[in-house]
Structures are given as structure tokens and as C-alpha cells.
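Engineer: Sequence:
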Amino acid sequence: MRVILCREFGSPDVLAVEERPDPEPGMGEVLVRQEAWGVSYVDALMVAGGYQLKPDLPFVPGLEAAGTVVATGWGGNGFEPGDRVVVSHRPGAFAELAVATFDRVRPAPPELDMAEAAAFRSAYHTALHALLQRGRLAPGESVLVLGAAGGVGMAAVHCAKRLGAQVIAAAAGEEKLAALRRQGADVVIDYREGFRAAVLAATGGRGADVVYDPVGGDAFDEAMRATAWGGRILSIGFTSGRRPVAKVNHILIKGIEVIGVRAGEAGRRNPNLPEETWRYLTRWVSEDGLRPHIGHRFPFSRAADALQLVLDRKVIGKAVLVPDG
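Position in the sequence shown counted from 1, then plus 1414, gives you the working numbering.
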């Protein structure tokens, strides 16, 4: 089988396609022929050696994939050869064949094609866990989504709308804003021009009840001033490259909560949390037409190009890898 291998930390061009022996499933594992792979900013951080989880070299990047079960180890846990599944990795996704423990494999929603399934689980679980379980977003509240045109940002737009919120989506550039309008955002803002005044105008002077922030940096600083009394700021990540420092006087005066979100770790500590989000998400897929927006599809062998496009912030929605040819 072929894998995408990282032998040294650096920019995406350090990645190479290499041949590896086909794996075999052990007890409690399934073997999956993977047919699509989600690409994220976290993948690029891991390749650069800048993520909090620093894999030992060499390693296979990638956190999510979709494919078909080939075989199961002892104790198949309901999976059979031919089943369509989504697989979470930590890391190790960018391979044509992969083994995974049963707890990291779920049936792929039948309404999604392989590319959509690969783009679905991680971003949407993160978004819904943040908004519902950490942010306690209620119907009728307003949510400001920063970095809204990216994978986890657009997932938050989709989830917040289905939770009954007013969605204010912030991104950079008219192409991204137009895409967000099509994806259902109630208000779109180009945050290169500043966004506090626009958020206050959209909320009748109140400010956003919830801020969903995968960006950090200057955007976090301004969001602090655009948050309602008693609002919740959800810190998802720092794609801006700068880790912001929350001003305690703003937190105190406005009664703001700043809440860290680590969806993967939360699920490892409490398996009921991802089960709850998965029920919501699969119901929305089957009953409400929820679909991830795939902005770019790259051949598997061009994983480095896909990661670079993510780093350059040129992806709208999700980038995915698909088989060569």
C-alpha cells in the first residue's frame, strides 16, 4: 500500500509518497481500504512540529478518512467486510489501508459520498461539541463565527443554524462571504475591516451571546469587545499564529466566560459526549440535508499541495484527498 510519510518536521513539501506493507487487523481492530481523506490545519501543524501532540518521526499524518471495511480482527463488534465507515486517526490517516480500533470507527451516513464522509466527522463533532456541550448555545441566541469559511468554521455555521441561533459569520474576502451566504449565514462580515460595530448592529447593540473562535490573535481581541453581557467565548484554536491573552478586566466587567474546547480529549474522557454529537449530526444528515462543503479535492499523491492550500487560507469549507486517477 502507499502512504504519505513525514520523515522530518517542516513545510508540507517534506512529505513523500512511500510504499509500506499492507497491515493486518488484530483483536479489536478493523482493516479499512480508505477511499477519501479529510485535510485540516491540524495536519499541517503536526507536519511542522508545531502541534501540542508531536508524533515520533517518521509518521503518517492525517486525522480522518472514509472507506470500506476489508476485514475484522477477533470480536468484530458488528462490522463486516463491505461496510462503509468513517475512521478517526491520531494521526495515521494518509494511507491506502489502515487498521483502527472499533471505538474509532463508525458507519458512514449512507447519504454522504466518501469524500463528504471523510470531511464530516472531525469538523462537525468539534463544532457541535463546542456550541452545544461547551457553549450551551440556546435557540434565539446569536453566535459570531470567526474564520467561518474554513472547515471547522463552516461546520459551526451549519450546526448553529440547526440549533436555532442567529449566525454572524466573519471571514476575509468577498468570495468567502458569498459562500457563507449560500451556506445559510444570517449576517456576513469581512473582518479585515473590523467587525465589532457590525456585530453590535446585527444584535441590536447587545453583542454576540456566543463567539466561536478558531482564529485567535487580533480577532479574539476584537471579539472580546463584541461579546454580550454574560457571553461565552469558545477558544477552538489559533490559526492566526498568535495565542491571545484574555483581558481579565473585560471578562469581569461583562461577565464573560472564556471556554477552552478540546473535542477529542473531551470524548476520550467521556465517551458519551461524541455519542451525543453523532446522534445530532447523523439525524441532521438524514432529515435536514446537512452536507459538508468541499471546496477542493486533491489526488492522494498531492497531499502536500492540499496542506499548503490550507496554510495559505485559500480553502473554502474542507479540502479532501481522493484516490489518484
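FYI, nobody ran anything at the bench for these hints, they're computed from the structure. Glycine residues also receive a C-beta, built at the ideal position from the N, C-alpha and C atoms. Please note that the accuracy of each hint is not assured.
16 angstroms max Cα-Cα, derived EDC-like pairs, lysine to aspartate or glutamate [what the hints assert, rightly or not]:
hint, residue 1, residue 2
1, Lys-1728, Asp-1632
2, Lys-1661, Asp-1635
3, Lys-1661, Glu-1701
4, Lys-1728, Asp-1738
5, Lys-1575, Glu-1422
6, Lys-1668, Asp-1635
7, Lys-1661, Asp-1632
8, Lys-1575, Asp-1604
9, Lys-1728, Asp-1600
10, Lys-1575, Glu-1438
11, Lys-1468, Glu-1422
12, Lys-1668, Glu-1636
Listed next, with one range per pair, are the computed distances between beta-carbon atoms [said to hold, decoys possible]:
hint, residue 1, residue 2, range
13, Arg-1550, Asp-1702, 46 to 56 angstroms
14, Ala-1615, Arg-1434, 31 to 41 angstroms
15, Asp-1702, Gly-1464, 17 to 27 angstroms
16, Ala-1615, Arg-1683, 49 to 59 angstroms
Engineer: Need the status of pair Lys-1728, Asp-1632: alpha-carbon distance at most 16 angstroms?
Structural biologist: violated, 20 angstroms
Engineer: Given the hinted pair Lys-1661 and Asp-1635, is their alpha-carbon gap at most 16 angstroms?
Structural biologist: Between Lys-1661 and Asp-1635 the Cα gap is close to 8 angstroms, so the pair holds against 16 angstroms.
Engineer: Within 16 angstroms, alpha carbon to alpha carbon, are Lys-1575 and Asp-1604?
Structural biologist: At roughly 20 angstroms apart (the allowed maximum being 16 angstroms), Asp-1604 and Lys-1575 break the hint.
Engineer: Measure nothing beyond the straight line between the CA atoms of Lys-1575 and Glu-1422; if it is 16 angstroms or shorter, mark the hint as holding.
Structural biologist: violated, 41 angstroms
Engineer: Taking 16 angstroms as the top limit, are the C-alpha atoms of Lys-1575 and Glu-1438 close enough?
Structural biologist: violated, 42 angstroms
Engineer: Is it true that the CA of Lys-1468 sits at most 16 angstroms from the CA of Glu-1422?
Structural biologist: holds, 12 angstroms
Engineer: Tell me if the beta carbons of Asp-1702 and Gly-1464 are separated by a distance inside 17 to 27 angstroms.
Structural biologist: violated, 37 angstroms
Engineer: Quick check: does the Cβ-Cβ distance between Arg-1550 and Asp-1702 fall within 46 to 56 angstroms?
Structural biologist: About 22 angstroms separates the Cβ atoms of Arg-1550 and Asp-1702, which means 46 to 56 angstroms is violated.
Engineer: Looking only at beta-carbon atoms, does the pair Ala-1615, Arg-1683 fall within the given range of 49 to 59 angstroms?
Structural biologist: violated, 40 angstroms
Engineer: Given the hinted pair Lys-1668 and Glu-1636, is their Cα-Cα distance within 16 angstroms?
Structural biologist: Holds - the C-alpha atoms of Glu-1636 and Lys-1668 are around 14 angstroms apart, at most 16 angstroms.
Engineer: For the pair we were handed, Lys-1661 and Glu-1701, check the Cα-Cα distance against 16 angstroms.
Structural biologist: violated, 42 angstroms
Engineer: Would the pair Lys-1728 and Asp-1738 pass a check requiring their Cα atoms to be no farther apart than 16 angstroms?
Structural biologist: Between Lys-1728 and Asp-1738 the Cα gap is close to 22 angstroms, so the pair fails against 16 angstroms, i.e. violated.
When held up to the earlier numbered hints, the structure conflicts with 1, 3, 4, 5, 8, 9, 10, 13, 14, 15, 16 and fits the remainder.
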